[in-house]
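Enquirer: Using the sequences and the hints given, assemble the complete structure.
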Amino acid sequence: MTEATVPHRYHPTTGTGGSRPLRVVVFLCTWCSFSAADKAGTKRLPVPAELSVIRVACSGRVEPTLVLEAFRQGADGVMVMGCHPGDCHYQSGNLQAQCRAVLLDRLLPQLGIDAARFRFHYVASTEADRYHHLTTEFVQSLYEFDTGAS
Amino acid sequence: MTVSRPAMAIYWTGSCGGCEVAFLNLDEALLGIGRDWELSFCPCLLDTKRADLEAMADGSIAVTLLNGCLRSGENLEMARLLRLKSRLLVAFGSCADGGGVPALANEASAAQLLSRICDTAADAVPGQRGDDGTFSPELPAPSPLLPRVHAVAELVDVDYVIPGCPPEPDRLLDAIRTLGMSPLPPRGTVLGCTSRSVCDDCPREKRNHRPQRLVRSCAIIPEEGWCLLEQGIACMGMATRGGCGALCPTVHAPCTGCYGTLDPDAVPVAASLSALSAAVLPDIPHPADDRTVRELYRAALSAVADPLGTLCRYDGARNLAGGTGQSGADRG
Ligand code: SF4
Ligand code: SF4
Ligand code: SF4
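From first to last, the protein sequence lines are chains P and E. FYI, the numbering for the first sequence is 0 to 149, going by numbering that gives the first Met the number 0. FYI, the numbering for the second sequence is 0 to 331, going by numbering that gives the first Met the number 0.
By construction, these hints were calculated from the structure, which means they are not laboratory data. It cannot be assumed that every hint is accurate.
[What the hints assert, rightly or not] What the simulated footprint calls covered on chain P by chain E, stretch by stretch (three residues with Cβ under 8 Å from a Cβ of chain E suffice, anywhere in the stretch; the number is not a length):
(1) 66-72
(2) 93-99
[Said to hold, decoys possible] Computed far set for chain P versus chain E, every beta-carbon distance over 10 Å:
(3) Val55
(4) Leu103
(5) His120
(6) Glu136
[What the hints assert, rightly or not] Partner residues are not named here, just some residues of chain P that face chain E (Cβ under 8 Å, in silico):
(7) Ala48
(8) Glu62
(9) Pro84
(10) Leu102
(11) Arg105
(12) Leu110
(13) Ala114
We put the beta carbon where it would ideally sit given N, CA and C, even for glycine.
Expert: What follows is the structure, encoded as structure tokens:
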């Protein structure tokens, strides 16, 4: 991963680039988005080192408690990814996940957390590029956010 | 003649007084309580002052029912003092248990709240500001506000909880009897409620239907006998501890969750968020892209005007309590 792809990236050895390393928790459904992340690795597409990936059976498995607990424990951002509508291995887990995300978007500011720190996306198992772009762009936006550049 | 009875105290911190009213609503059962307990400190009902409490020996009160959240420095001092004087301290009512309605103020900082009350709101009344522009409120100067509203157990050791806003008198009576018996239940037990949800006691029928969208409760007249949530009204019964006998849905009002979050391991607001999300299903065309699905859900949930107040009206102090991380930087 080059500085060009993530300009604000904190450099772990020199301590330059950002104020500190960010911590971003990413919940990936095993059937689609985890598979996309895996393919991104095979295709040698860079993904940010700041991600802590948690593989779950379904995006519908990601209880909002897990998202809020991640923030409570200091995560700078949280992403949840699931299969596209119609592709859910369990029929509608991804729809419930979307429903929760829509409510969370409005709830987070009430809890004092900027909604820009949370993202929900649909990523198919073939979409390694999309995974690369979404994660890179999210981490970059969090660094800009952190330095007040946004 | 002196008959030695265990001493009981009832005190209010950041409270509306409704919990004391619930105690008075015990009606004739109060006579039995008077027989079994000596009410030694209760500024709402007796002429007892802080100095009287200070004069008591440490641990001399058997049970203190403390209602109200901790909002001011004085609230915290009194909670600590009562803890010192009491062998058992009970968080009595939703405000003490989870911050209650006052904890909704945690959306704003203490400074924002004061400026809203002392500047914005007071300016609506002519003549409140002096010529030099400073505001001299007639309000009694409160002790400094804590940065946010706390549930009692966050700052003081609590032995038991009696939930409800206010607790139902019958449940309160059960709880007081339990506190007078030996052996006592394990420390930390939530008294005066069941381990099942409000839905479990609710007379309304579930028909396994998911509404396409939620509606404001004032917008429809719900059908008799049918679950309010299935009719699109955001009823929080399924995420709420039972104990009240499903008072509100029985009279057509949605449960707002006053008995507190049923799942003890969940972040309170998250438990009800999941429950509500599982209940709504808009008509989603196939195929549909990301944005279409999001917009359909936005529309389906637009009746939830205030997510925090709908999902977590009474447990707000516990939502992100104890957070130390960077996300706290955003928090007002
Ligand atoms: S729990 Fe309800 S009744 Fe009791 S003090 Fe709080 S607001 Fe009032
Ligand atoms: S959701 Fe509300 S109306 Fe429906 S069964 Fe539960 S308590 Fe009753
Ligand atoms: S139905 Fe809900 S809001 Fe009403 S008294 Fe019972 S727990 Fe409280």
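Enquirer: Answer holds if the nearest beta-carbon of chain E is closer than 8 Å to that of Pro84 of chain P; otherwise answer violated.
Expert: holds (5 Å)
Enquirer: Given Leu110 of chain P was flagged as interface, is its beta-carbon under 8 Å from a beta-carbon of chain E?
Expert: Result: holds, 6 Å to nearest chain E Cβ.
Enquirer: Let me know if the C-beta of Ala114 of chain P comes in closer than 8 Å to any C-beta of chain E, holds or violated.
Expert: violated (10 Å)
Enquirer: At a threshold of 8 Å, is the proposed contact between Leu102 of chain P and chain E supported by beta-carbon distances?
Expert: Holds: closest Cβ of chain E sits about 5 Å from Leu102 of chain P, inside 8 Å.
Enquirer: Quick check for students: does the CB of Leu103 of chain P sit more than 10 Å from each CB in chain E?
Expert: It is violated; Leu103 of chain P is separated from chain E by about 7 Å at its closest Cβ, not greater than 10 Å.
Enquirer: Since Val55 of chain P was said not to touch the interface, does its Cβ keep a gap of more than 10 Å from each Cβ of chain E?
Expert: Nearest chain E Cβ is 14 Å from Val55 of chain P, so the label holds.
Enquirer: When the nearest CB of chain E is found for Arg105 of chain P, is that gap smaller than 8 Å?
Expert: holds (5 Å)
Enquirer: Is the interface hint satisfied for Ala48 of chain P? The criterion is a beta-carbon contact with chain E at less than 8 Å.
Expert: violated (17 Å)
Enquirer: Return the status of the interface hint for Glu62 of chain P: holds when the least beta-carbon distance to chain E is below 8 Å, violated otherwise.
Expert: This interface hint holds because 6 Å falls under the 8 Å limit.
Enquirer: Test coverage of the region 93-99 of chain P by chain E using CB-CB distances below 8 Å; three residues minimum.
Expert: holds (count 5)
Enquirer: Is the claim that His120 of chain P lies outside the interface with chain E correct, judged by CB distances over 10 Å?
Expert: violated (7 Å)
Enquirer: Beyond 10 Å on every Cβ pair: is that true for Glu136 of chain P relative to chain E?
Expert: holds (15 Å)
In terms of the numbered hints stated before, the structure departs from hints 4, 5, 7, 13, listed from lowest to highest.
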